[in-house]
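Novice: Numbering follows the numbering used here, with no gaps: position 203 of the sequence shown is 214.
Think of the hints as simulated: they come from the structure by calculation, not from any bench.
Hints are supplied without guarantee of correctness; some may be wrong.
Claimed, not checked - Label-pair distances were calculated between CB atoms; the ranges are:
hint : residue 1 : residue 2 : range
1    : S87       : V131      : 32 to 38 Å
2    : A256      : R69       : 48 to 54 Å
3    : E40       : K280      : 37 to 43 Å
What the hints assert, rightly or not - In silico DMTMM-like links for lysine to aspartate or glutamate, alpha-carbon gap of 20 Å or less:
hint : residue 1 : residue 2
4    : K555      : E607
5    : K595      : E556
6    : K595      : E607
7    : K595      : E553
Built from N, CA and C at the ideal position, the CB exists for glycine as well.
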Amino acid sequence: MFGGSEGTSDASAQARFPPATEDVRAQLEVLLASPGLDCSARARRFLRYVVEETLAGRAERIKAYAIGTEVFERGSNFDAQGDPVVRIEAGRLRRALERYYLSDGLTDSVIITIPKGGYVPHFAWRAQPGVEPHPAAEALEPAAGLPSRSWTPLLLAASAALALLAGLVFWAPWRNGVSPASQASATMPPERPTLIVMPFAALGGSPDASTYADGLTEEVLSQFARFKEITVLGRETSRNIPPGADAAGIRQALGVRYVLEGSVRTTAKRLRITGRLVEAGTGSVLWSQIYDEDTNLRDLLTIQDDVARQVATAVAQPYGVIQRADQARSRPQVPDDLEAYACTLKFYDYRVALSEESHATIRACLERAVALHSDYATAWAMLSVLYLDEDRFGFNARSGSISPIQRSLEAARRAIRLDPENVRGLQALMMALFFARQPKEALEVGEKAVALNPNDTELLGEFGTRLGQAGAWARGAELLEEAMARNPGHPGYYSGTLAVYAYMQRDYERAETLIRQAALDRFPLYHFVAAVIYAQLGKASEAKEARDRFLRMRPTIFAHWDDEMAKRNYRPEDAAHFAEGARKAGFPVPDRTAAELALQAAAPQR
């Protein structure tokens, strides 16, 4: 078909010899240009890199570290063992290639695969009738029971007829004014908002504007798919919507709550991308943004990835546009009659303003939700965090043989069993493992979660906090600052955690500035942090005020000082530094804490 393969009359020669370099490159371009290859722009860069390196005779260089640094632009300190991003993206690319060759690529002559166990691609001719197939090609042939290759023309004709029929079925409601909303909504999970991403419009300028618009649509869809709290309808659905259909008509036909629209305009050196989120029921614009880019400064794929990430972060993240809109919708409901999805919205309210009263309400609500919907992974994940808070904050602790930490671990693991890539479940498991004093395992789970969705600022903030407590203060602070910059509606604990980081660096002036920005009334532990910072600065009256307020809220914590430090996995030197400041502030800290004794024992004897 490409590069002379179609003109080869000796089919057995194809079976004996692999495709030539020009055949492979031609097939690579077909793959990268095909909308049937259902993968992100980053995965396409991955594919091009491994194919080109192999064709250049550098297959031995194709390792996780090289891909992470050269394709995904991770720094030189990229840990290929600890960060699973390459493995995850390779798995997605393998699945995308398999689907492509069983659908759009059914008649392609050259097959490119990435065998499991490595990242070096394999190139083969598709088997011809009467020729023994190559093992790699055989794996991609239709499975037993499907039509044989000799039926391909009929199969393609039948597929086209079915596609036409499907299009007529979809268009009929629009043409006749009949709404299939009841059918559409019946297939939608009632607990999650639904969003449709319309193809970005090309508004002229460069002849490549249409290509840019298509690529951006694909990348936006890929980024939205990372957020498990929303349901996203794919491009196959949006492409069948008639031109000019308004948001209300889309809502009536598909039952979606939100419509994302956008456009791309290009000039010789500039790229202007616009995006807006429309509430389908009312037609009101909930969010809009313009992105102006200079194509001389950044390449197209980098711009595409960055803009798609920003759009998905603003719209779909916790505390983002969709969540705020759904919160406003759910407020009039009676608390005893909340639906399962409303419980998850209330969970984020609780995370923003921790209180024992709201903890009890949301815990009961989520327990009812999982009793009714036992396969609701996100609800199990949130319930895990609430169980954990019984232990770490002393909220509404229950008596019984199973500890809050054990219940938290069980709920988190159930969420992961139901949905292994649920970021909220991975976040909950990371937190439960951390407070179960398994920091290494916890941070490994956190790395996996961030690789799955680096746009989730709720996750970035929590992971950054755990990294800091485990001693990786610099990276933890970097993630927290990124979460703050990308999410103006973030929970108030970010500033408090950064204040702890500054305190541990003995930068008490910066620590004071940060702790004054923290939501102290919402997070009682930060009154303790404020007291030790003021004490180190010699501000006795401010330290006394913060100390007294904390002791009114948590009067018993100092009876278990060593345990409180240990469950948060502070390094001995960090726990000892806290103890020093606590004594200066007048807290009843033991004369010799476990951390201080450990440091003393480890010190060289003189």
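Novice: Indicate, hint by hint, whether the structure satisfies it.
Specialist: Going down the list of hints, with the structure as the test:
1. As the Cβ distance of S87 to V131 is approximately 23 Å, the hint placing it in 32 to 38 Å is violated.
2. Our hint of 48 to 54 Å for A256 and R69 holds, since their Cβ atoms are close to 50 Å apart.
3. Between E40 and K280 the beta carbons are some 25 Å apart, a value that contradicts the proposed interval 37 to 43 Å.
4. Straight-line distance between C-alpha atoms of K555 and E607 comes to about 24 Å, which puts the hinted pair past the 20 Å bound.
5. Distance restraint check for K595 and E556: the Cα-Cα separation of roughly 13 Å lies within the 20 Å cut-off, and the hinted pair is therefore satisfied.
6. Restraint check: the Cα-Cα separation between K595 and E607 comes to about 16 Å, which is no more than 20 Å; the hinted pair holds.
7. Using a Cα cut-off of 20 Å, the hinted pair K595 and E553 holds, with the two alpha carbons roughly 12 Å apart.
Violated hints, listed in ascending order, are 1, 3, 4; each of the other numbered hints is respected by the structure.
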